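Note that the protein sequences, when read in sequence, are chains G and P. Counting along the first sequence from 1, when you hit position 349 you're at 349 in the numbering used here, and nothing is skipped either side. Offset between the second sequence (1-based) and the numbering used here: plus 422.
For the record, the hints were derived by calculation from the structure and aren't laboratory data. All figures in this text were calculated on a predicted structure; none of them were measured in a lab. Some hints here could point you the wrong way.
To be verified - Distance ranges between label pairs, derived from CB positions: (1) R884(P) with G391(G): 52 to 62 Å; (2) L408(G) with Q881(P): 24 to 34 Å; (3) R422(G) with R858(P): 29 to 39 Å.
Said to hold, decoys possible - Chain G is faced by these chain P residues, among others (derived, beta-carbon under 10 Å): (4) Q464; (5) D466; (6) P469; (7) R474; (8) L484; (9) D488; (10) A650; (11) V731; (12) P746; (13) A752; (14) T756; (15) D786; (16) P790; (17) G803.
Note that CB positions come from ideal geometry on N, CA and C, so glycine has one too.
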Amino acid sequence: MNLLVTGGTGYIGRRVAELARERGWQVTLLGSGRPAGGMRAIPWRLGEPVPAAAWHAPVDAVIHLAHCWQNTGAEASDVNVAGSELLFAAARKAGVTRMVFASSISARPDALNRYGRTKRRIEELLHPGSESAARIGLVYGGSRRSQWGMLYRLTGRFPVLPMIGTGQLVQPIHRDDVAAGLLRLAAMPAPVPPIVVLAGEPIPFGEFLRRIARAIHGRRLLLLPLPSRPVLFLLDAMVRLGLPVDAIRERVRGLVGITVRPGAADAAMLGMSWRSLEQGLQGEAASPLRWRIAEGAALLAYVRGRAPTPATLRRYVRGSLRFAAPIGAHNGPVLPPVLRRFPPLLWFAEPPAGDKRPKAAALRARLRAAAVLAETEPGAVRQFFADEPAGRSRAVSRLALYAVIESLLLVPRHLIGWPLWR
Amino acid sequence: MSGPIAVVGAGPAGIAAARPLIEAGLRVALIEAGGDAPPMPQPDRPPLAALRRDSAQSWRHLVGEDLRGLRDMSAVSPKLRLAPDPDFLARFAALNRIRATNFVPIGCLAPGGLSNVWGAITFAYDDADMKDWPIRARDLAPSYRRVSARIGLSGPEADDLDREGPPPLALQSPLPLSPLGSRLLAAYGRKRDRLRIRMGRVRMAVLSADHGGRKACSLDNACFLGCARGSIYSAAQELPAFLERPNVEFLANAGVERLRRNDSGWALDIRDRRGGPHRSLTAAKVILAAGALASARLALDAAGMSDSVPLENSPAIAFALLFPAALGAALPETGFGMAQIGFSLPLGDGSPGNEMLGLLYPADSLSPTEFLQRMPTTRPGGIALLRDLVPGLLIGLAYLPGRYSDNRVRIASGADGKPWLEIEGGRTSDFAATLRRALRVLRRDFLRLGGLVLPGSVQIYRPGAEAHYAGPLAMGRRSDRFGEIVGAPGVHAVDGAALPGMPARNPTLTIMANADRIAAALAARWSGTNA
């Protein structure tokens with residue numbers, strides 16, 4: 001089967017192309033991004049005429065995922081609509097009998113955001129019977145790009161996250177399920193339904209974020225719900241003042257105006273079932289080795305004041321896998337990404353000796369292991385022992401200095417540590 | 423006698439008891455729950471100072487090839503940092519069916535028992551230590567002499583820690599003191615009359631001269647990583663010579679489940695810890711040396727004693743003692759890494775024997791990471807502080823007599839239908855006040871000697887964590903003066919369980935001497951009956 005994919009280097013498109021190739025299909029990418037190794041690619045931009053080369057080999061199906069976000073023109077002449085129309089016309093002319101358009105769950109003529117209205121207008125260009133629109137829910141999983149990449153980072157970076165629309169029902173679906181669904185649709189015999197929903201079970205957006213934080217970052221996320229209307233009002237005002245917040249307003253509107261569309265029946269019609277959010281997120285968690293390496297490197301660097309040697313880091317990871325229970329009953333990463341990136345910040349956040357909460361205790365146990373190994377590092381003797389007699393006055397003044405520093409640090413350690421290690 | 427004499431346990435008590443029996447030509451089955459002796463450190467291990475200074479390989483010695491040094495053993499003892507896993511602790515209680523509340527039951531499942539990890543501190547008890555015992559110090563004197571000559575003790579002939587003159591011990595000359603230790607003892611000599619504490623050099627089962635195939639201490643300061651030269655006595659060192667004797671049968675990995683009386687003596691139900699079949703061994707007599715707790719379970723069950731009996735332990739504390747005058751001094755390149763200086767302090771009514779006994783460990787032989795966990799500082803800040811503190815730091819470990827403990831043990835039937843030993847730990851009501859008063863005096867006296875008990879550094883051990891146990895099979899009460907259990911004739915307890923009380927002074931040498939005394943008497947009694 002010959003498949004033409006637009007947007008085949010994007011977040012979803014790349015997986016669609018990979019999956020099609022895995023199934024032995026011939027895949028041609030139509031677009032501007034850099035294609036994955038070995039794939040046939042034809043340069044093209046949405047809005048441009050499709051190069052004739054795209055149709056040299058007979059194409060069985062087109063999956064149209066490309067979407068242009070840099071779209072500052074009038075909505076009536078949106079390049080996505082015009083460009084899609086050109087694409088569909090060219091495909092039909094070349095005799096393509098199956099067209100699948102990646103639409104959105106928010107596609108509605110009266111959608112709050114332009115994206116939803118545009119998607120709906122493109123849906124209307126499709127010929128019923130052989131061409132379908134796939135209305136896709138909130139896609140997560142896979143490479144940390146696009147909207148998913150943003151959610152992944154947001155839920156991992158901050159202990160408290162101000163967010164609008166936390167009660168809004170969203171329908172998360174794993175990227176691999178979306179890709180498989182699109183391929184199934186492209187291979188279905190006619191007649192095909194004009195609209196197919198590819199979306200999972202509805203879940204409040206806030207809960208979705210919390211589950212990402214828990215499953216992937218191993219932490220609790222505290223959400224600070226922001227009221228949507230005042231935020232939108234504020235954004236409108238800012239846009240009117242000429243501030244560049246269009247994209248943000250577009251996203252906020254998309255979230256606030258989202259519609260719930262049952263997807264189970266369509267999944268059954270495709271002969272598929274979507275993985276649950278738990279299953280989907282499970283596969284997304286960083287591998288136990290990966291977070292241990294990242295966290296170990298940070299803890300060793302913090303204790304030692306410099307990056308550990310690879311051998312020490314290897315020993316830390318080996319030891320923490322071997323003696324997992326003694327090194328912390330809390331079974332997951334503890335350090336938030338910002339502390340992993342900047343280990344010296346732990347000076348202000350290291351949990352005090354009496355903090356017995358599981359996360360704090362786990363961190364203290366891991367720090368203990370890191371300290372034991374740090375002591376064995378080449379050259380560590382100068383850090384751990386006065387290898388030359390310091391002289392009494394120098395020793396006493398150094399002790400006094402560190403005593404002052406440590407007592408000053410007690411306040412931030414309690415203030416920052418309390419919410420951080422909950 | 424038809425069967426052999428079963429000696430249960432190859433720790434210090436079992437080894438000390440087996441020797442007179444073996445030498446008298448009696449048939450002995452030495453039964454040990456552990457398997458191999460714990461691994462010895464590599465003989466070419468560099469001294470601690472060199473390990474720290476350098477070598478990409480030092481982690482092998484400091485943490486262990488299998489990284490076992492990363493386990494958190496801080497709740498127990500830094501001596502267990504490199505102890506093999508997990509026989510020393512976790513399995514001891516389970517194998518011996520011990521259930522404890524508010525008590526840490528410690529024992530070691532390996533030939534040599536707890537002498538694999540001890541501090542090698544030895545005391546010959548005087549009559550004040552043995553108040554209410556059915557034997558006197560003079561009864562133990564020949565055994566003290568025999569045992570000390572065999573295992574090799576080093577230390578002073580006499581000093582202020584002796585209450586009744588020089589003890590009956592064979593002694594090698596003491597090991598050299600650390601600079602800080604010499605300084606402290608010199609200060610003590612000058613100010614002795616103004617102090618309530620008494621201070622001196624403890625006698626240790628550590629060789630200062632080669633002895634019996636073992637090498638003298640090389641002062642490599644790495645005692646806490648295990649003694650590569652065998653200078654520190656462990657009962658496991660005596661085992662190979664026993665095994666060459668034709669009248670000795672050694673059963674390793676053999677956990678004794680129960681003793682049952684039969685026509686020819688006692689049948690021992692033995693579980694093979696490697697999963698082999700259960701076996702039964704019939705012994706004419708049984709010597710219990712499995713460690714006070716394990717022996718108590720076997721004996722109380724065999725005697726059908728279901729009432730609870732007292733168990734004494736030495737309530738223990740640890741504290742950090744800083745000598746500001748030594749700050750900034752060079753760390754010694756060599757030295758003995760464990761305690762060499764002891765102190766005593768009268769408690770309560772001040773009667774002899776009612777005293778605290780403390781030991782002062784040099785801080786530089788310990789890994790700074792042992793302290794970090796307890797410090798209120800950040801980790802790197804703590805490391806920076808310790809770098810300058812360690813040259814002036816001693817770690818105090820002090821014991822109170824068992825009369826301040828309040829533990830009970832009793833036999834109860836477990837869910838598996840087998841007898842379990844239940845321990846209920848506690849301390850007497852006057853413990854806290856006594857300790858508070860003692861600490862006040864300690865602070866004052868150490869201050870006069872130039873030392874500062876660091877505020878917030880005093881840690882009280884959980885009951886039992888110090889592993890000094892006595893009493894459940896007390897001679898004169900639940901056994902006769904030869905440890906023969908009331909209600910279980912032919913079963914003799916020779917370990918800590920048989921001691922009627924636990925003085926503050928470390929008991930191991932006395933346990934060994936008492937085992938030797940009992941076994942020598944029994945050997946004379948039984949000689950020629952089962953050869």
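Inset, instruction - List in ascending order the numbers of the hints, as given earlier, that are violated by the structure. - result: 1, 4, 5, 6, 10, 11, 14
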